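Chains as they are written, first to last, in this note's numbering: chain A, 1 to 267; chain B, 1001 to 1323; chain C, 2001 to 2425.
You may find that some hints are simply not true.
Chain A is faced by these chain C residues, among others (derived, beta-carbon under 7 Å) [said to hold, decoys possible]:
1) SER2111
2) ILE2201
3) SER2266
4) SER2334
5) SER2338
6) VAL2347
7) ARG2409
8) GLN2410
It is worth saying that the hints were derived from the structure and are not from the lab.
The structure presented is a predicted model; accordingly, all values stated were derived computationally and were not measured.
Ideal Cβ positions, reconstructed from N, Cα and C, are used throughout, including at glycine.
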Amino acid sequence: MNKQLVLWIAVSGLVAGCAGLTGDEAPVEDRMGGGRATPSGVDIVEAGSSGTRAAAAGEAKPGSRAGDGAGMSTQGMKSTQITESGQAAAGQSQGGGVETRAMPSHLAGSGQIQGGGQVAGGGSGPAGVAEGVHGGGKDGASSLGEGMDLNSPGSILAKRVIYFDYDSSALRDEFRTLLEAHATYLKAHRSSKVLLQGHADERGSREYNLALGQRRAEGVQQAFALLGVDTAQMEAVSLGEEKPAAEGHDESAWALNRRTEILYQGE
Amino acid sequence: MIAPSPLQGFSAGALALLMHGLFLTALVFSVSWKALPEMPVYADLWNALPPLAGSEADVPSDAQPPVPPLMPEMPPPPPRAAPIPELQPAPPPPRTAPAPPPAAKPDIVLEADAKAREEARRKEEAQRQEQQARQVAEETRRREEARQLAQQHQQEELRLAEEQLRQESARRADATRREALEQARRELDAEMARQAQADLARESAQIRRTQDRIVLSARVRTILEYQERIRRKIQSVMTRCDQVPGNPEVVYKVQLLPTGEVLRMHMERSSGNAICDQLVERAILKASPLPLPVDKEAARDFLREPLELKSRPNEDPATEARG
Amino acid sequence: MSIQRLFIPFVLMWCGLAAALPARAAMTIEIVGAAANRIPVAVVPFEVKTVGAAADPAEVVADDLGRSGRMRIIGGRQLPAQPSQPEQVDHGQWRAAGADALLFGQVLPASDGRVELRFWLVDVIRQNTLAAMSLLVHPSGMRPAAHRIADIVHEKLIGEPGAYSGRIAYIVKHAGAYELQVADADSQNAYTVARSREPIISPAWSPDGSRLAYVSFEHKKPVVYVQRLVDGQRTAVAMYRGSNSAPAWSPDGGRLAVALSKDETSQLYLIDANGGTPQRITYGGALDTEPIFSRDGNWLYFTSDRGGSPQIYRATVNGGSPQRVTFDGGYNVSPALSPDGKLMAFVHRREGRFHIAVMELESGQTRVLTDTSLDESPSFAPNGRSILYATLVNGRGVLATVSVDGSIRQRLSQSGDLREPVWGP
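One chain only, chain A, in its complex shape (with noise of 0.2 Å):
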């Protein structure tokens, strides 16, 4: 995973050297066929850009049936499920894991985890959240042992994203267990930090979904207030409609757009 991180942050660097170079609106330009004087472009390449996308790649279609919880606890999916998506999160530029089943975190874990070890339940749900990270190359940096591990697959740490209803930024109450999760461990690492990134569906206007976004993730940056955590560890910021986890246009697809995602630095 590493090696293709790097791999692609190099490539990414190049395509953004050479363009530099040759200058953007040339090819532009000749495509258009147009004669005028050219200002110059921007190219807004960051090679810091690469864990976004690589954990929006993974979390792509997290799972399209958000009903049946009784499925959820399914053992032995969770790997493969893995490896695939990390796969493709690494190998593809976007929408990888396209195949992952893996259900909302949300129906997974609520009641069956407490504490760390074996959370089995807890596990199957999140995974399609989990290869995000994982690809984003970070697996095991900041090991805190089984239950704390931030990205190992079977931790509760490993799942990222509070999904919402429509038009709210109400947390329900299924997501309790992983907000304290992840307020214990934040607690637990003051030098952590975190972006919590809210999102909205495609829905009406850009900017009123960004604020919409924005009060999402606010919800999340107050409610690990309340549990104790430092707000220098946290900004809350939105991407709005633009970012969508889901690409249909239909509610199953909207229901995984409107989420907030936490963001842990580095990755």
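Following the hints, complete the assembly by docking chains B and C onto the known chain A.
For chains B and C alone, kept in the frame of chain A given last:
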């Protein structure tokens, strides 16, 4: 030619007919001015019209306009059939029978009548008197008809004479008309002496109906038809004034040549938007030559004075027809 | 005898009637409605007398005018002749070809490498010249010059200025990258202003057209940038904790209104266009975003959910209690004001679909203009007669325009996934 002298034997009848002719002329003029602008009525009336295409071409170009040509091969047969038989041979008991079946197209007639009166409300008083005069005349006619029952042939001749008279008089100056009217009056007096006022009252209603049909006589219909043709031709090349909100109206006065071409035009009323005025002006110019009746007499109605073309390009014609 | 007497008045009246007849005069004919709503205009290829054949401006003009929805172009084989000077025009010939107006011209060499565009617009029905003009341009400026000719023709025939020579900015998404592009109003001649692998949203033209403000996600969160078009130099004018977005220029170009979440969820602030300390405008726990300035610069119109659902409000730039502007429906967002300040376009949700609507601000009268379902980002043309917006067709973003009365709708031809168009000044 004018004088009915050779018809001595039937002088009374001839004079009565002359009287009718005058009547007809007068009515044609007076009513056409009032009824012309009425769109909705025509819409119904001329639905069956030959599609406007060769304009003049599809109008009967018969050689003899005088007598029967008044009723060319024009379209709707019912209205044309109605008035004629009623006017002449119809010998039904003059007073009693409320003879003419309302048949034909009463709705149209009524509507036209209603509209006409509405528009010319200020003339209503005059009209009423006119009607009384007509009643008198009508009565005369009825008597005459009774007498003529046995003299169908001569009556045909009379009718010819009447037509000629009518045409002549239309062309002639007022003096001629007045002269004829004087004669008519004398005849009328004689007739009236024999007539009781009660009779008049009794038949007045029927007379009115009859008179409405007369209004829709051929001449009027020709005028209406060509108004419709002109309307359609201009409308077909008109462009909407979308830049002007609402329902702008532009009025142009247009003097035509006998060929129908626009000789000159000037704007009578602006829409308030120069571009919109231009659009209407262009449409009128593009529609030139405008279709005119082949019958010179009828065409004269369109040439005597500049036509007033009132255009509302943004209005939905369907709406207007409904209203 | 007495009866005879009685009759005299009648007879007199008759005579009067007869005498009056000739004086009755003027027959009136009403012409209601119109068969067409487009003016037929013949556009003749310009006679090019320069060496190194430049593009024929007539083609660009014809494209522009044809797109207006107000004119029907007669060209190509329908042209009965190809005049390049007024003496060569035979009005009757053009009238017979169905034209109301005729545009023709020449491209002539001028001094210092420039070219002269000489053109005439003739009303072949009324037989007068509506325009006879000459433009001096560099050969590279042919396209813009052609758009200007189209503007002039539009104004002469329709009576209001055209909007063909403006520029538009929009975001195009392709192959995982986002580009901020600027193009002619016909979406041709496009070039890229900024490109990123992360989303770019909310472009906004400075009033003088020299700069664009926009929001870029390159830092994993929204940050507001201002970029000069001439040299590409850009500044992050709002990069505060939380989200920074929704930039809008003040009419004087000196300040930006933005939505920041540094203090609270999405509130409105004013900042200097070069950066500097934000001055807060709105307060309260509601979401406030999408600010735009009124034409006089005294008001901000913006989207807020302070009433429970997202609606458009306005407040003075000094703060103060906002007034609600939209009331109809449960979702009214993304306000845009017409150049004369009388109309406000916005996105209105009806039965789960998002349409462009326009409100007459004085009366509050509102009209829905589009029937597509995912419309966004309305923006007025400089002439105030049409609204540019984006909509989704087959899952792909396309740009479209609609006249402010809703009567003329068009889609701009463009490939790619386009969104958030803004009409430049």
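Taking the hints in turn, this is what the structure says about them:
1. SER2111: Status violated, d = 20 Å.
2. ILE2201: Given a least distance of 5 Å, the restraint on C/ILE2201 holds.
3. SER2266: holds, 4 Å
4. SER2334: Holds: closest Cβ of chain A sits about 5 Å from C/SER2334, inside 7 Å.
5. SER2338: Violated, because the Cβ-Cβ distance from C/SER2338 to chain A comes to roughly 19 Å (cut-off 7 Å).
6. VAL2347: Holds, because the Cβ-Cβ distance from C/VAL2347 to chain A comes to roughly 6 Å (cut-off 7 Å).
7. ARG2409: violated, 21 Å
8. GLN2410: violated, 20 Å
Hint violations for this structure: numbers 1, 5, 7, 8, all remaining hints satisfied.
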